[in-house]
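Colleague: Residue-level listing of the chains:
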Amino acid sequence: MNHKWAMAIDLDRCTGCGACVVACNAENNIPTVGEAEAGKARLMHWIRINRYWEGEFPEAQAIYLPMPCMQCERAPCELVCPVYATYHNEDGLNAMVYNRCIGTRYCANNCPYSVRVFNWYDYTWEKPLDEQLSPDLTVRSRGVMEKCTFCIQRIRRAKETAAEEGRAIRDGEVVPACAQTCPPGALLFGDLADPHSEISRKLQDPRRFRLMEHLGTEPRVVYLKRLKGAGQ
Amino acid sequence: MSTVIVGLFDGVETAARASRALRDLSLPAGSVTTISAVPLPEGAVVTDPQPIRFPRIVIAGWFVGAAAGLGLTLATYLLYPLVTGGKTIVSIPPTLIITYEVAMLGALLATLFGGGREMRLLRYPPKVIHDPRIHDGKIALCARVEGDEQARRAIVAMQGAGGTDVRAEKGEL
Amino acid sequence: MSGGTTPAAGNHLAGTDQAKLFTELSRGNLVTTWRWYLGVGVAGAVLLWGVIVFMYMALVGMGVTGYNKPVFWGLYEASLVFWIGLSHSGTLISAILRLTHATWRAPVLRGAEAMTAFTLMVGGIIPIIHLGRNWRVYYALPYPNSRELWPNMRSPLMWDAMAITTYLLGSLTFLYVGMIPDLALLRDKSAGWRRKFYSALSLGFRGTHAQWRRYHVASTLFAILIIPIAVSVHSIVSWDFAMAKVPGWHSTIFAPYFVVGAIFSGIAGVVIVMAVLRRAFRLGSVLTPMHFDNLGKLLCTMTLLWGYFYFTEFLTVWYNRNPEEWEVFSSYGGHYLPLFLTMIVCNFVIPFPMLCLKRVRRSIPLILIPSFSIVIGMYAERLLIVVPSLARRNDPFIWANYFPTWVEFSVMAGAAAMFVLLYMLFAKFFPIMAISDIKERLFHATDRTIGGATVESIAQVEGEEEARA
Numbered sequence: 001m002n003h004k005w006a007m008a009i010d011l012d013r014c015t016g017c018g019a020c021v022v023a024c025n026a027e028n029n030i031p032t033v034g035e036a037e038a039g040k041a042r043l044m045h046w047i048r049i050n051r052y053w054e055g056e057f058p059e060a061q062a063i064y065l066p067m068p069c070m071q072c073e074r075a076p077c078e079l080v081c082p083v084y085a086t087y088h089n090e091d092g093l094n095a096m097v098y099n100r101c102i103g104t105r106y107c108a109n110n111c112p113y114s115v116r117v118f119n120w121y122d123y124t125w126e127k128p129l130d131e132q133l134s135p136d137l138t139v140r141s142r143g144v145m146e147k148c149t150f151c152i153q154r155i156r157r158a159k160e161t162a163a164e165e166g167r168a169i170r171d172g173e174v175v176p177a178c179a180q181t182c183p184p185g186a187l188l189f190g191d192l193a194d195p196h197s198e199i200s201r202k203l204q205d206p207r208r209f210r211l212m213e214h215l216g217t218e219p220r221v222v223y224l225k226r227l228k229g230a231g232q
Numbered sequence: 001m002s003t004v005i006v007g008l009f010d011g012v013e014t015a016a017r018a019s020r021a022l023r024d025l026s027l028p029a030g031s032v033t034t035i036s037a038v039p040l041p042e043g044a045v046v047t048d049p050q051p052i053r054f055p056r057i058v059i060a061g062w063f064v065g066a067a068a069g070l071g072l073t074l075a076t077y078l079l080y081p082l083v084t085g086g087k088t089i090v091s092i093p094p095t096l097i098i099t100y101e102v103a104m105l106g107a108l109l110a111t112l113f114g115g116g117r118e119m120r121l122l123r124y125p126p127k128v129i130h131d132p133r134i135h136d137g138k139i140a141l142c143a144r145v146e147g148d149e150q151a152r153r154a155i156v157a158m159q160g161a162g163g164t165d166v167r168a169e170k171g172e173l
Numbered sequence: 001m002s003g004g005t006t007p008a009a010g011n012h013l014a015g016t017d018q019a020k021l022f023t024e025l026s027r028g029n030l031v032t033t034w035r036w037y038l039g040v041g042v043a044g045a046v047l048l049w050g051v052i053v054f055m056y057m058a059l060v061g062m063g064v065t066g067y068n069k070p071v072f073w074g075l076y077e078a079s080l081v082f083w084i085g086l087s088h089s090g091t092l093i094s095a096i097l098r099l100t101h102a103t104w105r106a107p108v109l110r111g112a113e114a115m116t117a118f119t120l121m122v123g124g125i126i127p128i129i130h131l132g133r134n135w136r137v138y139y140a141l142p143y144p145n146s147r148e149l150w151p152n153m154r155s156p157l158m159w160d161a162m163a164i165t166t167y168l169l170g171s172l173t174f175l176y177v178g179m180i181p182d183l184a185l186l187r188d189k190s191a192g193w194r195r196k197f198y199s200a201l202s203l204g205f206r207g208t209h210a211q212w213r214r215y216h217v218a219s220t221l222f223a224i225l226i227i228p229i230a231v232s233v234h235s236i237v238s239w240d241f242a243m244a245k246v247p248g249w250h251s252t253i254f255a256p257y258f259v260v261g262a263i264f265s266g267i268a269g270v271v272i273v274m275a276v277l278r279r280a281f282r283l284g285s286v287l288t289p290m291h292f293d294n295l296g297k298l299l300c301t302m303t304l305l306w307g308y309f310y311f312t313e314f315l316t317v318w319y320n321r322n323p324e325e326w327e328v329f330s331s332y333g334g335h336y337l338p339l340f341l342t343m344i345v346c347n348f349v350i351p352f353p354m355l356c357l358k359r360v361r362r363s364i365p366l367i368l369i370p371s372f373s374i375v376i377g378m379y380a381e382r383l384l385i386v387v388p389s390l391a392r393r394n395d396p397f398i399w400a401n402y403f404p405t406w407v408e409f410s411v412m413a414g415a416a417a418m419f420v421l422l423y424m425l426f427a428k429f430f431p432i433m434a435i436s437d438i439k440e441r442l443f444h445a446t447d448r449t450i451g452g453a454t455v456e457s458i459a460q461v462e463g464e465e466e467a468r469a
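Residue numbers (my numbering), protein chains in the order written: chain A, 1 to 232; chain B, 1 to 173; chain C, 1 to 469.
By construction, these hints were calculated from the structure, which means they are not laboratory data. The structure presented is a predicted model; accordingly, all values stated were derived computationally and were not measured. The C-beta atom is built at its ideal place from N, Cα and C for all residues, glycine as well. Be aware that one or more of the hints could be misleading.
Stated by the list, open to error - Below, in silico cross-link-like pairs of lysine to aspartate or glutamate (EDC-like), each with a Cα-Cα straight-line distance of 16 Å or less: (1) C/K20 <-> B/D136; (2) B/K87 <-> A/E35; (3) B/K87 <-> A/E90; (4) B/K87 <-> A/E218; (5) A/K4 <-> A/E198; (6) C/K189 <-> B/D136; (7) A/K228 <-> A/E218.
Said to hold, decoys possible - One-sided excerpt, in silico: chain B residues whose CB lies under 8 Å from chain A: (8) P51; (9) R53; (10) Y80; (11) V83; (12) T84; (13) G86.
Make a model of the complete structure from these sequences and hints.
Modeller: So, in structure tokens, the structure goes:
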């Protein structure tokens with residue numbers, strides 16, 4: 001049975017704390033690039049918290065928008081890779097194949113959400129930080145693109161366990177690192193192919209919208225609008 | 001190895017006069033040719049009876065290239081069917097582009113090899129007749145003859161028209 | 001019809017000392033001065049430096065460049081478009097002027113065709129330079145491999161690969177076949193290793209009537225084929241951008257816009273190269289002010305055409321004020337103002353008034369000013385297409401500026417040095433003047449008296465049947 005993995009991000013609950021970013025970095029062997037590189041706009045975060053300002057000081061309000069990879073149904077990044085290093089798999093995920101990538105960076109240019117990041121160097125983890133690296137996935141070499149995978153290693157692990165036990169994956173069994181960590185519970189992950197899953201129910205919420213829908217990318221990450229209170 | 005009478009002429013006029021004189025010998029078509037540093041218009045001194053065939057090879061080359069491009073693209077799609085960007089596995093516009101480019105490449109290579117073959121290159125003196133003095137403004141008129149009588153008459157015709165260094169050589173035109 | 005005709009014996013070739021003409025036109029091949037060695041040495045040194053810096057970048061990572069997120073493409077990709085654009089020089093001069101029987105094309109042919117071939121070589125190397133994992137570039141080749149995967153033909157980069165390969169092979173073939181009669185000439189005039197060298201390269205061409213007829217047909221066919229290839233190549237290069245979901249890139253005008261820009265920069269490049277050749281090999285009697293005048297007129301036309309295309313692009317964005325595109329174009333008046341002004345001034349404001357003046361076009365030092373200006377302006381234009389669209393793209397939160405580092409400048413300087421080196425080597429060992437074409441033109445040229453004036457008359461042999469008396 002093919003899954004349809006999707007994520008719902010409730011902006012009413014998101015506080016912009018950034019715990020999801022930290023969790024993702026820890027789970028996916030993402031290097032910390034350092035202050036200098038961050039100043040050159042080379043952060044390697046797979047999920048980022050966009051912050052927009054609304055209004056002027058002293059009434060300025062911050063709007064937080066967590067942006068993982070949208071896992072678009074019609075992903076523009078997949079189309080332009082000359083070597084098939086990124087393609088759409090059967091679960092509806094935009095798969096990234098590090099070994100195949102030759103680093104043309106066209107996919108990153110074609111992502112309107114700018115969620116793809118590039119390995120500018122061979123990043124290192126000084127001892128003892130290398131002991132925190134997850135053995136479930138690789139450390140990428142220089143010259144290779146990477147991006148949020150919806151924690152595909154966790155999806156695979158759940159699939160293997162379920163296959164061993166001869167059952168289907170239960171709803172809530174697969175939780176990406178960001179969703180697992182989010183303190184206010186703003187991130188929800190699940191299988192849209194299961195009509196009874198929590199995400200299928202959640203995405204009937206009239207607050208739902210998707211980013212940059214006019215571009216026709218058909219993202220699998222759905223946002224739920226922030227409620228501004230009575231009268232607004 | 002045929003006998004060819006070669007004569008050097010100072011310009012088109014004298015060469016043309018010699019060519020006209022050679023017509024009395026009723027040599028078979030294509031037996032007389034010029035060797036010159038610049039192309040001479042058809043009929044100025046000699047005519048070339050052989051039609052030019054290789055443009056047909058060029059057209060064939062275009063189609064062969066198109067087939068190759070089409071085959072390459074379709075093979076790539078069908079052997080490795082990966083979904084990218086929600087597009088169909090067999091995507092037509094890129095197929096057209098690749099087919100066109102390889103078709104043009106095919107036509108180019110066909111022109112190169114077909115033309116080269118029909119120009120009968122890769123034959124060197126002394127197997128073929130050549131005179132390097134053509135680069136100093138001379139035109140060499142060559143007449144392939146059979147037998148001593150024809151050879152003698154050809155020499156006389158060329159010398160009478162003003163040819164210098166008229167001689168008999170063994171080689172192909 | 002009034003006017004007398006002079007007999008064909010009075011053609012200009014008959015009145016030329018051909019041995020002297022040969023020595024004059026082949027000066028580059030026959031005489032080597034210290035200046036050539038110096039030029040080759042400097043170009044070689046810069047190229048070597050570029051190669052070393054490139055290897056440093058490949059070993060350490062692309063982080064040593066100025067690239068960042070979201071500006072993943074910058075100087076390298078802009079240079080790629082620039083160099084491929086310059087390659088349209090030879091195609092225009094050689095192919096189009098050949099097909100339109102422009103009588104003044106002969107001295108410019110070879111230099112322009114050589115420029116096409118070598119700028120294409122430089123442009124063809126840049127896709128390998130800009131990769132994050134250059135050593136794995138062969139993944140893009142379709143051949144049976146253990147990875148059990150072939151490339152994605154839907155990617156414009158694969159179209160690039162096909163198109164540039166075809167164009168490179170085509171322009172090299174065009175250049176080589178065009179040289180065969182001249183190589184035969186050099187063979188007959190040289191001795192020793194040179195004779196063997198030219199003998200092998202001229203493939204035994206002798207100049208028989210049958211050979212010339214077929215040679216003419218082959219040359220014409222090449223000219224007919226190379227023009228659509230050239231147009232398609234730069235259209236495909238433009239589609240690297242036009243196919244993307246980047247505001248400012250996704251525009252249908254890109255294909256003709258880039259082709260026009262390519263021809264524009266190409267002619268400017270030809271003017272510069274011709275001026276250098278004229279000086280270096282003392283070809284003043286063959287490359288006359290008339291040639292630069294004609295090239296200047298073409299350049300003036302292209303200035304107007306380029307200006308028109310750029311205005312059209314701006315007009316549609318300005319009129320629609322589509323927010324994503326408007327942010328990109330606003331940055332032209334903001335952070336990218338210096339680059340934008342450089343482009344407008346160098347591509348239009350300086351060249352157009354200057355090229356309208358005959359005095360400028362006919363003076364070699366003066367026509368070099370708009371030519372250099374255009375080369376600089378077109379480079380700025382390529383940068384202006386690539387960088388601001390990425391720097392100010394869809395999500396404002398990740399906007400960032402880009403500036404190249406010493407690494408990118410070094411590698412691109414090495415690429416330019418590669419062009420100079422290849423060209424200098426070519427001009428030394430191969431005939432840089434199309435001697436046979438020049439002779440052919442002289443052969444067709446006679447002086448004709450019309451009333452009280454004596455004019456030069458060039459015979460046009462349109463078709464075979466018409467020549468038969």
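Colleague: Which of the numbered hints are not met once you compare them with the structure shown?
Modeller: Per hint list: 2, 7, 8, 9 violated.
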